[in-house]
Amino acid sequence: MVESFAPLFPVLVSLGAVPLIVASRNKPNLRESWTILAALSKFFLVLNLLPYASQGITVEAKIFEISPGLPLLLRADPFGVYFATVASGLWILTSFYSIGYVRGAPEKKQTRYFSCFAVCLSATMGIAFAGNLLTFILFYEILTLATYPLVIHKENKEAIGAGRQYLIYTLTAGVLLIAGTAIIYSSIGQIDFRAGGILGNSAFPSNMMVWVFLLFLGGVGVKSALMPIHSWLPSAMAAPTPVSALLHAVAVVKSGVFGMIRVVGYVFGTEVMAGFGLNDILITVSGATIILASLMAFSQDNLKRRLAYSTVGHLSYVVLGAALLTPLGMAGGVMHIAAHATMKITLFFCAGAIYVNLHRQNISDLDGIAKVMPFTMASFTIASMGLAGLPPVNGFLSKWYLAMGSLEGHMVVPVLILIVSGVLNVGYFFPIVHRAYFHRGVGLSGHGEASPFMVVPIVITALLSVLLGIFPNLFFGLFDIAGVVSASIFEGVAR
Amino acid sequence: MCDFFLGHYSYWLTMFLLCIGLYGVLMKKNLVKKTIGLTILQSSIILFYVSIAAKWDATVPISDPSRPVTDASNYLNPLPHTLMLTAIVVGVATLGVAFALLMAIFNRYQSLDEQEILDMIE
Amino acid sequence: MRTQYDSLIVLLGARFLSPYIMMFGLYVIFHGHHSPGGGFQGGTLLAASVLLVRVAGGRLVARRQIKEFITTPLAAVGVVIYFATGMTALVAGGSFLDYGHLPFPGINPVLLRYYGILSIEIGVGLAVMSILIMIFDNMAKGEDFV
Amino acid sequence: MTAYQLPVFIPFTYLAFAVLIPLVGLWKRKLSHPMAVTGSGLAAGLSLYGFAAYVNTGPIHHTFGGWQPPIGIEFVYDGLSAFFLLVINMVAFLVLLHSKPVAAREFRGKRMPFYSVTMLLMLGFNGIVSTGDLFNLYVFLEISSLSSYGLIAIGNRHAPFAAFRYLVLGTIGGSMYLLGLGFLYISTGTLNIIDMAAMLPHFAGKPPVLTGLILMTVGIGIKAALFPMHGWLPDAYTFASSTSSALIAPTGTKVGAYILIRVLLYLFGIESMDAVFKVSSVLGMLAGAGILYGSIMAIAQSELKRMLAYSSVSQIGYIIMGLSLANPAGFVGAVLHVLNHAAMKACLFLVAANLRFREGHSNIRLFNDTYRKKYPWTMACFTVAAVSMVGLPPMAGFFSKWYLVLGTIANANWVLLAVILMSSLLNAVYFFRVLEKVYMKNPDKESPAGEEAVVMNREVKPLMLAPVVILATGIIVIGIMNMSVVSYILKMFPG
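Residue numbers (the working numbering), protein chains in the order written: chain R, 11 to 505; chain F, 941 to 1062; chain B, -19 to 126; chain H, 10 to 504.
Read the hints as simulated data drawn from the structure, not as lab findings. There's no promise every hint is true.
What the hints assert, rightly or not - The calculated EDC-like cross-link candidates involving lysine to aspartate or glutamate, where the alpha carbons are at most 20 Å apart (straight line), are: (1) R:K119 with H:E312; (2) H:K383 with H:E445; (3) H:K119 with B:E48; (4) H:K382 with R:E165; (5) H:K500 with R:E75; (6) R:K167 with H:E445.
Being a predicted model, the structure only gives us computed values, none of them experimental.
Please take these sequences and the hints and turn them into a complete structure.
So, in structure tokens, the structure goes:
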């Protein structure tokens, strides 16, 4: 354990960029360069923590006590650094993409857009590095608030409705989380995240334990879009595409599943989860979500909504991985956070590029667009392959580990779920690819690729997906870190 | 039982007065009658305090040569009386403010009936 | 209440009674510190004496008697007397209203208390009288007084 | 000035200025506002100084006229008093600083009496908080009540009627308090709080003490607007002038809460209070009902000030609930919420005053997205205060709720826990409704494309803006630095 303020800086850097962004609201180029600068510096600050993480060392920053005995604690453990690396790395790409998107669309109130984006990323870093539940809640609520202006960005009826729904769901979740945290704090006097869990078997009587777990399930389950509390996510697709891309594929929903793993592995602990049958609840919910969301994705004609339902399903992969309570399954879940992030962000970027370029949102209108947007559609194809779990894209790897994990725990049903869901994924993604490549398009003449600001990030994320699939340790040893995380959770039990 | 009622007769009287006052405040529709109720309410409490100061065979707390000042049972308790002096002043001030408000109300609505005024506000 | 009654008897009766009430009020104030009485009661009596004539005589008399605009400052002066006495004792090193500490050298502390209470009673009497008159005036004017 | 004299100086500063304002007003009416500001500023400065003196030396007792208690009256300047004095005097100073243009607009001819009565009101409040004698407390209570009747009567057409209803209820409340005090006096023969507190345990459960307890609680409950005795509050706050409501809303009900805390926790103590039946749990239930009722009624209001008034009813519930829990966490929550709610409500009412000043109304239905452009700072402060009211971190409002939640859990009072959590969401409903109106364009009224009406910045003058901004900043600072406040409050938990 190292004491250092290093985890604080990534949180502060984009927060510090907000005044600069607001101050230069009349000079768009300067404003965007602040965003890029903040994104880059955040990424490098996170990278500084990576060496520690790959050795399994935790960097801890106690800012100050915020309540008697409860410090505002930032703790960069391997899992936190892993999530922070993924989120901050993808923010750089999203920033470039956003510039292309908002200028191409063109959107109003861009200053609000970029500053809220920056706050969101700060909150995400805070969630990643939160060392105890109170700090986690703090940044979780900030994330909720900062995302709200982005969800309602278009300010039409649909967006406002989506914003309301979003607030109702997430604020309720925050309240449940506060309740659960307070109960744990009153009972055992501490709420630090510790690998292997802080709750002993004797912390609560058994029915109480289930209730507390349900509070947490409601708290983090909303943001991880578990059914039946997922419906805010498809509605929130009313937001501009980069928002959907980053926030609903990387920051917000990933904070949810990140929180789920924190709760399972770092608060309740695998022993308690298994001892009180809590993992059965989680497996049932997440398994049902995977299948149902995939089925519902079929009926969506709006491309972004179909992607949203796909997101709902894939988030539950991560939850399932945590619920399996086996080292391999946990590793698979953690890996799927990064894998799904790169793949889903590619898909959203593609949807945005198509919207900006051709003003088409519905899948039935996508006939033949591969001819005019070859790079975009190629990336789209790669990413959908990955989500269906086909090698060599990184989605295959995480799914493989999930399957191994369930076999390790002598469970067959999760494997079946994974297989069925893979087939369903193929079923709802490949018709799109088929349309784009093999149908004859109408009214496409005169259109080319979208602006390079958008196409380059798309290609990069698609390449990332493939490269991470072939060489899992190519970038920053993320694969190894996932192993370290999983091992630490289970070693905590052994210790 | 009989003792309980007769032994505390002054309390029962003040409580009876208090109930009259409360009845006036709560049930009467006319604002002036409400104010009168308030005054009765306050008076009942003043009487209550004065009655708790009383002692058998005691006199007012002004030094009397025929009664030794060292024996407290010779003089009744002066404290409640002084307290009630202040309470009376408070009551007068309340009454003054109440009437000032009533006049402002009458100027605006040409009525002092609570229900009529409420209808006008709606 | 601002118009004069036509009845001469009422006016004369009020004018006859008023000075006696006033005298009694002054007596109550000035004996408040060693017998029953004091500022509140005396002030009320003083106000009664003034108001009796005001009720009977109407606006004309009121203009010659204590004028309407003077009541507010008079009340303020009353409070100032009270307040200043208390604060002087406080500033001189005692507690608030600790007359024994009033800074008049050469006077027996017992006498100091005596006069201290007297000045308080005068202040209170003045304030009570003028405020009661003020309430009456404002009501008679038909305006709200705040 | 020595520390011994301090408890007298703070309240009597107001008395001095209450007298000086009409005297100087004879000569120059214009001076009444600067004098009122000087008076409250002086008192605020003295309370700050006194706070430091208390922290250094401990409680200060000032005996009046040199008569030792329990014979004489004393002013006790202990932790609770120091805290409350600081809160109400600071808020009063800021509100009075803000009041000049409002006073000139809303009640031009009555400025001199207004400020004089304001000083009397604050004298009453300060006296209540300072005194160590229960009858003296009644006198100050009536001074403050009479002044507040006057202040509320200065308002719109219906203000006198609202003031009269308040007068009727307030007088009943005062009389109940006095009657209850009589019963306690019969039992103990003393009026001094400390003296009586030492004796009451010997009489706990005797009929007169119980009668006194109930009568006093009901009486103070009326003054503090405890549900269901809150009937006077919404009308009074709505119809009064902007300054009156901004002054009375944050301070008045807080002082009521102070008396309840003083009488129930310090005078009776937790055990004597519940000697015969659970007075505390009855209070808790009433408070819970009040929280829900106030929040639900606030949602139904279209007038901003009335909405804030109902919200006050619910926030008072928090304070009373905290004290009814009678454990350290609940107590911290209650007292911290006094500070937080004073800052938040003052900020919100001042925002309402600013809007009324510029727009001439504060009807939520007429709010639109031009306000964001017209009053950027005012609305930003409104947002901060609203978010704090909802109870989202890192605003101050979150932390008082956090401690209340801990308090309810410590008592295993799940009903009240649910009430707090639900009311958070209800608060969100009525505040986000306003924010939505202000920050988003109305989707039903599509303005012609590209033709945005040019909206000028009509922000209020710095004098009116500064208090609002200070309060909003205060909300954030208190939230982040709440630890120091909490450790202070914890020390004064009785028993």
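Review point. Can the restraint linking K167 of chain R and E445 of chain H be considered satisfied, given a maximum Cα separation of 20 Å?
Key: holds, 12 Å
Check your understanding: Has the given pair, K119 of chain R with E312 of chain H, been kept, meaning a C-alpha gap of at most 20 Å?
Key -> Violated. K119 of chain R to E312 of chain H sits at ~29 Å, over the 20 Å cutoff.
Point to revise | Restraint status (C-alpha distance of K500 of chain H to E75 of chain R at most 20 Å) | key: holds, 17 Å
Review point. Between K383 of chain H and E445 of chain H, is the straight-line Cα distance small enough, at 20 Å or below?
Key: Holds: K383 of chain H and E445 of chain H sit about 16 Å apart, inside 20 Å.
Check your understanding: Are the Cα positions of K119 of chain H and E48 of chain B separated by 20 Å at most?
Key -> It holds: about 17 Å lies between the C-alpha atoms, which stays within 20 Å.
Review point. Holds or violated: are the alpha carbons of K382 of chain H and E165 of chain R at most 20 Å from each other?
Key: holds, 16 Å
Checked against the numbered hints given earlier, the structure breaks only hint 1 and satisfies all the rest.
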